[in-house]
Amino acid sequence: MNRTKLTGRTAFRLAAIFAAIISLTNVLIFSILYFVISQQLSEHLKAHVNEVRKTLVDVGESSGREALAKMVSRHASVAESDEDIFLLTDKSNNYIAGNIQPIERFEGWRTIDWQQLPLIGEWTSRRSSTAVTGRWTDAKDGYLFVGDGNGDINDAQTLLLNGLVWGIAISILAAVTGGLILGFNAQKRIGAIERALNAVASGQLEKRVPRSSAKDDLDHVASLINATLDRLQKLISSLKQVSSDIAHDLRTPISRMRQKLEIAQQSSTDLQTYRATVDDALLEIDGIAETFEALLRISEIEAGARKTRFVDVDLNSLLTNVTDALTAVAEERGHRIVTMIDQSRHETTFGDRQLLSQLFINLIENSIEHCPESAEITVELRNDLGHPAVKISDNGPGIPAEERERVFRRLYRLEKSRSTRGSGLGLSLVAAIAALHDAKISLADNKPGLITLVSFS
Amino acid sequence: MRILVVEDDNQTATLVGRALLEDGHSVDVVLDGKEGLKLAAVNTYDVLVVDRMLPGLDGLSIVRSLRSADVKSAVIFLTSLGAIEDRIEGLEGGGDDYLVKPFALGELVARVNALGRRPALMQEDIVLKIADLEMHLIRREVKRKGEVIYLQPREFMMLEILMRNKGRVITRTMLLREVWDLQFDPKTTIVQTNISRLRDKIDRPGQIPLIQTVRGVGYRIDEPH
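Same order as they appear, the protein sequences are chains U and F.
This note's numbering applies: residue 1 is where the first sequence begins, and numbers increase by one.
This note's numbering applies: residue 458 is where the second sequence begins, and numbers increase by one.
In short, the hints are calculated from the structure, not lab data.
There may be inaccurate statements among the hints.
Going by beta-carbon spacing under 8 Å, a handful of chain F positions derived as facing chain U [to be verified]:
#1 540
#2 559
#3 562
#4 634
#5 637
#6 642
#7 647
Computed Cβ-Cβ distance ranges for the label pairs, DEER-style [to be verified]:
#8 605/F with 340/U: 30 to 36 Å
#9 401/U with 670/F: 40 to 46 Å
#10 346/U with 515/F: 25 to 31 Å
#11 670/F with 227/U: 50 to 56 Å
#12 499/F with 296/U: 33 to 39 Å
#13 491/F with 332/U: 49 to 55 Å
From a predicted model like this one, the values you see are computed outputs, not experimental measurements.
All residues carry an ideal CB built from backbone N, CA and C; glycine is no exception.
Pulled out of the complex, with its shape left as it was, chain U reads as follows (with noise of 0.2 Å):
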């Protein structure tokens, strides 16, 4: 048997499935993050500038131009570790106090690289700004430039960005870990179904799917395997059952056959003696194909084809038909019918009349055959808690009660009838009948003769 590729294999298909879903969703969620934190501090940073703008351009204001330079140098000392950049020009554009050397000027906010900034003293402490955003003030008889480091902005998207890798890294493990997990537990019971469908295969009718507590869709289907294997178990040893019922039960009288006629080419001289051996070869055949029409039938009912022509069945009128058939048969040995079927009430049953009349036929037969001379057989048609039931009791000999599980069996017949004529499938013939609809069969002991109730659902 062919094993799947890898990548075929559920577990590993889950698992990639998860890890992709799963990370794209990090993705997203993180880009969203990132655009909205950043957009955030670059207004938060403004903000800032602003303020310390306003600070400034007050103090010039309301102290005069040494107090702004004094206090822009006192910022610009300790700006380093803010990465603020302050610059304070005169009109001309020459340096009074800052932490940077002369730029060019210009209007509005501008976003300026750290490399290009003339930077003053060592900036040594300095983090991780790449570029400084600020803008152009006039300031008491000169300029005043206020900017201020994106370093924040940075580390927050650095740590955005860190966060979106370790998420990224840990939700795949995770949808890896879980992927395999519940593929490698489908596919351990997907393993199970495949073996116990080669074991199959292979001839082990028996072998089923194991079943999980898991009452899930794999169970339900592994349900269904089970299902269909118990059919195909069950018609292949029907099967089984006819072939060797065949040559069991048809070999005997043929090769009886075959020697009788063997011994009529042989030794006999006249006509009479032909004649005979011709009829008795002419009953042996119609008993092989009597026997071996039984036997087609029986599997014909097992394989349970019947079932699609059920119809509603009176059973008042079967069992009038019925009884009325074998009445002169059965007083013809001497016994008698008697039959307690309440013909105002009618019983009815979802069946095949063809067979239901054949069940009580043979049923009706088996106590006309079995019973010696002057015997009772009654046929009542009942009503058991709201289902039929047909009872039918003799007084002859009965069935032992050891024997009573086994008569049902396939060519089985007791031992002190073996010598009357029959297949000794009829009973059979009743059973399958009876399986087929669903219809319970009872024997039981009469004190003396036999009671056999079949009642239906």
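Following the hints, complete the assembly by docking chain F onto the known chain U.
For chain F alone, coordinates are given in the frame of chain U:
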């Protein structure tokens, strides 16, 4: 009657053909499905005896084609497929009767005769008569030599079937089917016993027996010769 037998087993075909010939019919026998279809379409046969399983064109297809071409000959299938599904398929496909192998030649001849006489010729008759036996169908009354004989309903049915088919053999299987609606062979001698009761009532000692037993096949009622 004119009868066509389509059966691929040479020996069966010959035996069936001969049996029908001896019964007084004109018989054509073919071993091949296509040949059978051709003959059945061209000639007007009363009855076709067709094997279900033929090489080339199978029996069911032959009958289906004939029915769609509006050929009305009665059809009896010979089949080794005994399952109910196959029987129903055969009857729905245009067959009028079926006979499962192995069968008795007498059974086949009787069934063919029964088919050929459809629809019953004596349908309108009110009184059926054979020798001094009379059956009044409306009064449900039977008389022999003017003396009323009391029959059970099933006995009346058996006698009516026999009398309607005067001179023809009615098999046990046919009687089981017609009188008791039983389409299988019971173990006990239902038909034999009931016929013998009927016979006790109809053919009294000293009278000429009218109901004859055809050994291994069935029964026949006829004018005494």
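Verification of the supplied hints:
Because the smallest distance between the Cβ of residue 540/F and any Cβ of chain U comes to about 5 Å, under 8 Å, the interface hint for this residue holds. Contact between residue 559/F and chain U, as hinted, is supported at the beta carbon level, the nearest pair being about 5 Å apart and thus within 8 Å. A least Cβ separation of about 11 Å between residue 562/F and chain U goes past the 8 Å threshold, and the interface hint is therefore violated. With a least beta-carbon distance of about 10 Å to chain U, the hint placing residue 634/F at the interface is violated under the 8 Å criterion.
For residue 637/F, the interface hint holds, since its Cβ comes within 8 Å of a Cβ in chain U; the closest pair sits about 5 Å apart. Interface hint at residue 642/F: satisfied, since its Cβ lies 7 Å from the closest Cβ of chain U, which is below the 8 Å cut-off. Interface restraint check: residue 647/F against chain U, minimum CB-CB distance 5 Å, threshold 8 Å, status holds. Checked against the given bound of 30 to 36 Å, the beta carbons of residue 605/F and residue 340/U, roughly 33 Å apart, stay inside it.
At about 44 Å, the CB distance of residue 401/U to residue 670/F agrees with the hint of 40 to 46 Å. Between residue 346/U and residue 515/F the Cβ separation comes to about 44 Å, which falls outside the hinted range of 25 to 31 Å. Distance hint for residue 670/F and residue 227/U: a CB-CB separation of about 54 Å, consistent with the stated range 50 to 56 Å. One distance hint, 33 to 39 Å for the beta-carbon pair residue 499/F and residue 296/U, holds here, with the actual separation near 38 Å.
A beta carbon spacing of about 52 Å between residue 491/F and residue 332/U agrees with the range 49 to 55 Å that was offered as a hint.
When held up to the earlier numbered hints, the structure conflicts with 3, 4, 10 and fits the remainder.
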